[in-house]
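Protein chains in written order, with this note's numbering: chain A, 1170 to 1795; chain B, 192 to 647.
It is worth saying that the hints were derived from the structure and are not from the lab.
A portion of the hints provided could be inaccurate.
[Unchecked claim] Which residues of chain A face chain B? A partial, calculated answer using Cβ under 7 Å:
id : residue
1  : L1256
2  : K1258
3  : H1457
4  : M1598
5  : Y1719
6  : Q1724
7  : V1727
8  : G1749
9  : V1782
Quick caveat: nothing in here was measured; it's all calculated off a predicted structure.
For glycine and all other residues, C-beta sits at the position ideal for the given N, C-alpha and C.
For reference, the chains in residue letters:
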Amino acid sequence: MKYFAKKYDIAVIGAGHAGIEAGLAAARLGCETAVFTINLDWVGNMPCNPSIGGTSKGHLVREIDALGGEMGKAADANTLQSRILNLGKGPAVHSLRAQIDRRMYAGYMKHALEMQPSLEIRQGEIVSLEKRDDGLWYLATNLEAEYSAECVIIATGTFLGGRIYVGDVSYESGPDGMFPANKLAEELKKIGVPTRRFKTGTPARVNRRSVNESILEKQFGDERIVPFSFDNNSKIENKMHCYVTYTNKETKKVILDNLDRSPLYGGKIDGVGPRYCPSIEDKIVRFHEKERHQIFIEPCGYETEEMYLQGLSSSLPEDVQLEFIHTIPGLENAQVMRTAYAIEYDCVDPTALDASLEFKDFGGLFGAGQFNGSSGYEEAAAQGLVAGINAARKVKGLSPVILERSGSYIGTLIDDLVTKGCSDPYRMMTSRSEYRLLLRQDNADRRLTPLGHEIGLISDERYNKYLHKIELIEAERKRVMKTVIPPSEKLNDVLVSRETSPVVSGVRLSELIKRPQLNYDILTEFDTDRPDLPYEVFEQVEIDIKYEGYIKRQQAQVNEMRRLEVKLLPEDIDYDSILGLRLEAREKLSKIKPKNIGQASRISGVSPADISVLLIYLEKEERNDK
Amino acid sequence: MIDDSVIAAVATPAGVGGIATLRVSGEKSIEICDRVFRSINGKKLNDLKGYHAAFGKIYDKEQPVDEAVCLVFRAPHSFTGENVVEITCHGGIFVIQKVLRVVLENGAVPAQPGEFSKRAFLNGKMDLSGAEGIMSIISSQGEQGLNASLNLLEGSLSRKIDSVAQSLIDICAHISAWVDYPDEEIEELDENNILDTLSSAHNELKELTDKFDSGMAVTTGVEAAIIGKPNAGKSTLMNLLTGFERSIVTDVKGTTRDVVEETVNIDGCILRLSDTAGIRDTDDTVEKLGVERSREKIKRSAIVLAVFDSGDELTDEDRTLIDLCKEKPVIPILNKSDKETKIDRDYIESTLGRCIEMSAKNGTGLDELRDRVTTLLGTKNFDSNAAMLANERQRQCCLNALSSIEDAVNTLKSGFTLDAAGICIDDAVSALLELTGKRASQAVVDKVFSNFCVGK
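Chain A with its partners taken away, still in its complex shape (with noise of 0.2 Å):
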């Protein structure tokens, strides 16, 4: 029978990357809070690769941190190996990686989530989301405990409605031998939530006694380990390494002869896969031409000898997965521990969400990862952060905090989530940013600790923190701007053999430092007043003087975009009754309801044709109106 178990401010349905942020951000923020799961054993799980962070992720990570979140320090707490990707390419793309020990990590979350004051962590499976006439939501566990919440954030993950594919063979399952939410997927349909099918995939995983080490390419972590958290006080270790393998014709072979056993190719999956994170059977069909796919095989954990076989997704039944893993060097005679499968789930269209991550329709109703359409621990955790947020500031009283697109990646995922939709599970991308200069992952607190302060995530001593090093870097660049290197042989020797030209007068130290070819370290025994700062003082003042000119550049950009983006569209704005715009555009724009002009920019099937309409609409109404 069911009993009334709790009144809660705030209940999150799921404890993985999303629902973690959500629940410790509304709880720090002082509302009673309730998190939901399935299994208490694995808060935090990591389904798919050990790793956390990557091109645009890494960034993703900081922004959490900067903002107060905890996925940065629970990285830093067990990495296994780190590493910042594209070094050499600029520090718009600079990307921190770090593989993690995904039990420890599961552990780390968990104990967290039980230290917090205000939350509460609960296993059990929701089965019943109603809002009732008291205006508040009532939600039900399959044993019948019935609690409330003002709002109730939906961080599902794969679990709702989940099914998985392996060839022929198909289940309904959540992640990792977990219990899908089945009931919850009827219950989110019954009342009008539009849900559809997406699928992601995970590759297999070998047992490492079983792996030819000492044939592969191994690949270590950086000398110099960049934590993710800006707060980060430990020091942190490469603990084990990667190994780098190809696959070959062989596996291509192999592959394309069973392509017809694939779930996806043979048309049983209706759930539509990402794109950007292919199976090896899409990269090879999509990619004929290409030999070979490279593959990283990474330790799961430190006292594991489970691996993870990076690039080697697939939905293959079991027998061509371990015929295709057999053909690549390293892994002939690799026992696999786990099969690679395929997972449908639903989620929902996010274009039914504001960009609080609320649901238009549904007050106090919010969405976070996954469930929003996109893939990704990251992704999950950063709109995990931004609905606990909300929904808190909402259970307050206050107005949402919107994240700028020029201002964070959060921002511009956010943004195109609720903006553009997706057709397929949304990953992070540097690409996906106009702003990637300004948008790096080194100076991600500068862009949002002050935020994250006034929201109430940040503390007051980390703020004074942050406030310290700002200090320290405009001291040390008004140093830079004013020292004067004297000529000498010696100098001029370093600058020839770097490839720039000598020097014949004095130099000041900062235009030396614009030069791409120098930087702090080769300048080091000419600069001998340089004070004892740390690393990230100089980076900052480094990046800050050597690309001055390009970030002003794209800080124009930005305020050329502010300029549609303060046309504000009023919100009982009838787009039927504008004449010329578009057929598509109007549906477009009454189903997205854009708040301003730079955000209906944004919108496919809104040209910008369309968009002249509007902004002479608007033009035309501010005439009236005088």
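Please build the complex by placing chain B on the supplied structure of chain A, with the hints as guidance.
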């Protein structure tokens, strides 16, 4: 929204022809035409499908005006994207004007110049460069110009710009893939390939901006200044070129006080000529103003005709004048060739190039002048089929793109990373998309407001 008014205008050229067409556009255009048109079979235009026509008569109240065929276009399948009726009746100014008047009396308003294209643009029926092409047809004065404008309308500019933009977008895409997938063995971009692409994009755009003045010369015309010391024969030359006695021609120095303007067509090349007051240091305030204006005028002009009196010694005034216009495309003219030559021809030619001997009074040397003008403005062998920029806005976009491309090249050459070069390339792409109106920006919209007089 743009306007719920119905606009009407005669679409065929003025003059006597076999037939003439009136175009009526707007949501209620069909209703309005039904008020003035009665078809033979009694069917209302409102009952016709798009692209269907009816034969009948236009009535002014109960008085028949003329027989007419009405062709109905239904939104959005029309030139403007709105409901359109084209009324074709017998030619002749009186008849068609009368039909227009009847339509206006029944609720339509006269279309402003370019308003049909404005509506077409706002309704997404053509891109901005197409709309601008039509604007330039309307204001086009020469025959070659009409061709070039038609060409713009057909999108040869859009196509050219799109293909340049695409080559730049391809670089950006490759850079993106290369940074977003460090694990995928994506081929590193060869810097020389990028530089090659940038340089060919640069050349194509440069060609467009270089041809801009020639293009303007054949479409809307370019400013040309006639300068010379007082009484060198400027006004006589102007009168020779225009064929009218427009300037006051006297023997008293400095009689041309104001800038007199006139448009002339020289072998397809349109010059907006202006005769200026002689350049001379003077205390006469009225004339001083004239001198200042001349300096301004030279600055604004695309071509300068510098007139010297070949019967006089070269004076300080002449030297000042030579100095003023030496940076401009200039044609030095030794006027009064019928008189004995005293002027230092070598001095002039060493700075301004070969002189033309002329007698503006009796017209000798005119053919050579025409030849020099068309050569200098590049209109002599002007290919009216090639893509060209139609206005200053497009030229500005092109110049912005050029400067961004130059920045990208310098960035790469000085050893900066690709991410920095990418920002410059992004800027170039934005400028090009803005040119064709494929990227909405406030700048485009401001231009729409100023060019198409939208709003109230």
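Going down the list of hints, with the structure as the test:
no. : hint  : in the structure
1   : L1256 : violated, 10 Å
2   : K1258 : holds, 6 Å
3   : H1457 : violated, 15 Å
4   : M1598 : holds, 5 Å
5   : Y1719 : holds, 5 Å
6   : Q1724 : violated, 11 Å
7   : V1727 : violated, 12 Å
8   : G1749 : holds, 5 Å
9   : V1782 : holds, 6 Å
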